[in-house]
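Chains as they are written, first to last, in this note's numbering: chain A, 314 to 672; chain B, 3 to 350; chain C, 1022 to 1341.
Derived by calculation from the structure, the hints in this document are not laboratory data.
Please read all numbers here as calculations on a predicted model, not as lab measurements.
Built from N, CA and C at the ideal position, the CB exists for glycine as well.
Heads up, some of the hints might be wrong.
In silico DSS-like links for lysine-lysine, alpha-carbon gap of 25 Å or less [to be verified]:
#, chain 1, residue 1, chain 2, residue 2
1, C, K1062, B, K152
2, A, K629, C, K1140
3, B, K154, C, K1062
4, A, K407, C, K1140
Covered stretches of chain A, as calculated for chain C (at least 3 residues, CB under 8 Å) [what the hints assert, rightly or not]:
#, stretch
5, 433-447
6, 498-512
7, 633-639
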Amino acid sequence: MADATTSSGAASSSIPADLAAETLPSLYRTMVLARVMDERCLSLQRQGRIGFYVPLQGQEAAQVACAWALDAADWVFPAYRELGVALVRGVPVKLLLDQFIGNSGDEMKGRQMPNHYGYRRFKFVTASSPVGTQISHAVGTAMAARRRGDAICTIAFFGDGTTSSNDFHAGLNFAGVYRAPTLFFCQNNQWAISLPRERQTASETLAMKASAYGFPGVVVDGTDVHAVYRVVREARRRALAGEGPTLIEAQVYRLGPHSTSDDPRRYRSDAELAQWKERDPIARLKHELLTLGLVTEESDQKVWEAAKELVGAALKEAEATAPVDPRTMFDDVFARPTPALEEQRRAMDGLLKEGVVRP
Amino acid sequence: MSPDDALVPLTYDPTELDRSLAGWRRTLLDGYRWMLLARALDRRMLGLQRQGRVGFYGAATGQEAVSVGAALALTPDDWVFPGLREQLIALVRGHPLPTYVHHLFATDLDPARGRQMPCHPTARDVRYVSMSSVIGTQITQGVGLAYALKAKRQPGAVLAFFGDGATSANDFHAGLNLAGVWRTPVLFCCTNNQWAISQPVERQTGVRELAQKAAAYGLPGRRVDGTDLIAVYREVRDALARIRSGAGPEMLEFLLYRMTAHSSSDDPTRYQAADWMSRAAARDPVPRVERFLLDTGLLTEEARGRLAEEVDREVRAAVAEAEAAPPPDPASLFQDVFASASPGSFGR
Amino acid sequence: MVQAINRAMFEAMRADPNVLVLGEDVGVNGGVFRATEGLQKEFGPDRVLDTPLSETGIVGTAVGMALYGLKPVAEIQFVDFIYPAFDQIVSEIAKFRYRSGGQYPCHVVIRSPYGGGIKGGLYHSQSPEAYFAHTAGLKVVIPSTPADAKGLLLSAIFDDDPVLFLEPKRIYRAVTGEVPDGDHRVQIGQAATVRPGSDVSVFAYGAMMPPALQAAETLAAEGISAEVVDLRSLVPLDEAAVLASVEKTGRAVIVHEAPRFCGFGAELSAILAEKALYSLKAPVVRVTGYDTPFPYALESLYLPGADRIAHAVRATARAA
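Please construct the entire structure, taking both the sequences and the accompanying hints into account.
What follows is the structure in structure tokens.
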């Protein structure tokens, strides 16, 4: 039903610089799917059915509109909050839930925490937890793609806190020197766990940090799908035309906690949250669709129900998927396990067989 | 050393300097003498390095105006976190030349017992902090010390020096960002000699002026002619006055022309254009200030010759002393790893 | 244990105005594990600093603070995120005193939760003590009980040397115990023989202590007397205690959750080979994490548990 579950919701490069009205409903459906999945995962975590979760609520418009403006051939370097991007790229919901559970269906083979996923076929590179490391990776891949003559860009996703990290500095500097076809998409959600944006850095905007590296930085309202889409399209055009990288600061708000281990009431006020809730990006796009006559209250109801059904069905399947085989623990450390690793695998196998340890 | 016709002159109206820089004559003459001494030391040490009598040397030739101008603008309360070419600051602030030369020769009289490569001195006596060879690490350290000054309500400010290449380093980013957030009394001094070994500054970063990077951290940044002793002195003095008054950290970019190889291990003909050295020579800080002093009558040819001889003698004496000194006591190898010589199994 | 760590910082900050805490989320939020809970409220935002997201900046500025006589206690939120600060720790902190001939001691304490067992996957589970123990000039301390956590942390804060203080986050709340009030110190560099025994020596530290003790309990019922030694400090190492125990039992099992290859157990094995070979009646055995990155779904298999330890001790006790 929702486009994100089919092979690719990503925009093709032939589409115009502005979002066409007829694409808005499918963009909206993807945002709703992300929200529904997010809420479901938060409750799964509370029930102990998944170990951990990083929600994206409040950032759906920025992520979905941004991903919509990319070509399927572009490479995405996410952080750990980019569910909306993953859905646009076409990652199936079931596959994501497999990862959150860490079962045998998980293409990460149960090795990573929830939200730390990557899918080579969707050009969505596996995330890690250290913040910012993906930024320099994105620059390197962009340089490699240009060298090979591929007309693609790469895009690095990160948050406001990451602008303080080493790889932000190194990555943007290299991109400036080598004019790498890279988009730096900073979702400034105003909070790096408990540190507010204004204590993160003394610069007036995060976008202006680009000037330290000799390329443009743009601030955009991250709750406005049209604005985000336009800015990303233009940055992508520049990148492919050899005009160099762009830093985009999408101003959003993290409506939920940093992760399920975090309690934001300890550090921010209800009033602030309430203020931003009024700018909920999903409500904003729904309002526009209602005005344009592209949805009705009834059809909207169906959109939500369909998303819930989809997630529910995928969850059922994912929870029925077998756990990961313990013996896979020793794979992928190297291309082929070393003799020492094989010895350790045999030792563990022996302990399992003797019943000394249990999976 | 005779003023070259191609030399870019220092153009200052002495009456304007009288107004803005009381006592500048004394300051400039002092500064000039230190610059001569540094030049003499570099010449001597590079010669000794070629003879294999010291292992390594990183000349400051061409950067003397920055070290001297900044040092003269400091008060004893201020702290210096140096890069590779700021040793002259320690000397101007009173660290004895013979002690420094003991360091260059790694003798037993080196306060650091010959543990570091040459040009990495430590001079706590003049608040000159020990440096590593890692690029940029001193920047965050300088910010931390400035934070401590503020926390302990002590006077003084911190000067953190680094080169153009260090603007790409992690600690540049972290240090300037933290200084901006914490508003610590620190002056970031970027000595842009336009070369990070073989990498020209225009390939170091996409931005034209390194001083522009300060804006990314909410700080003011200015570019200064780093081969002009007067400009350096004035800019550092004024920036420190603002910083001491609580106006927050700043960055100065000193534009320089590296006049030597990166170090004794480097051959710049492999990567520099043929005319680089002559362009650099036109900006040589020593003849620039020398010609100004001669033109304004503050220095006579005779005094110039006398000073040159004096500093040469000083350098020769210090070198002779260090060459006669014993190498570090082997037992010192195990000292200063920890506060007490043998915690636990150490040293058994 | 986390309360004991918290109390140590309260004690230290009350005793000495030079003590200061900095790190990510340590102030308003009280630390993601609540180790710094309440500190900012009592001592203010200038002594308990919520820093921007830069480990390089946290540790680098802590160095500068220490050079000027403050006693910074820097928190790295998870030790898995310490690597941006590796430069400052290895090239700067550990070498400052030495390279300056003693003129610039650099007494920084870095606290960081380490180790697995909280379903943290590759990046919230690491046990990297060997990298740091290999660095001359840096002390590495790992407590396993609340009383030791307080006593060792206070000693670390008032030590003359830099200390990496690794906290076994898995037992932050799982392990409880009496904690002496006031300025309770435990000397750094002394191992503790937590359970005396005569047949096999078991060396462990941090979060491996509870399973090691549990294994010893199990084995006692089988008639095997295991002596369990908590190393507590890897640098400096209490070599005398290690040797004395093996001279008595003649058998050694070394437990750590870090990977085996070049792990701290390799150093202990080498010391036993060099200095206690003639006391040994059986080969030294290591029970460790595997030589793979730390896994998420399979972490309980990766981590040595009481059963795996008991299995190894049993085999060692029976080896001819």
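Hints versus structure:
1. C:K1062 to B:K152: OK: K1062 (chain C) and K152 (chain B) at ~20 Å, within 25 Å.
2. A:K629 to C:K1140: 23 Å, holds
3. B:K154 to C:K1062: Holds, at about 20 Å.
4. A:K407 to C:K1140: 21 Å, holds
5. 433-447: With 4 residues close enough to chain C, the hint holds.
6. 498-512: Result for this restraint: holds, n = 5.
7. 633-639: Held - the stretch 633-639 of chain A has 3 residues with a Cβ nearer than 8 Å to chain C, which meets the minimum of three.
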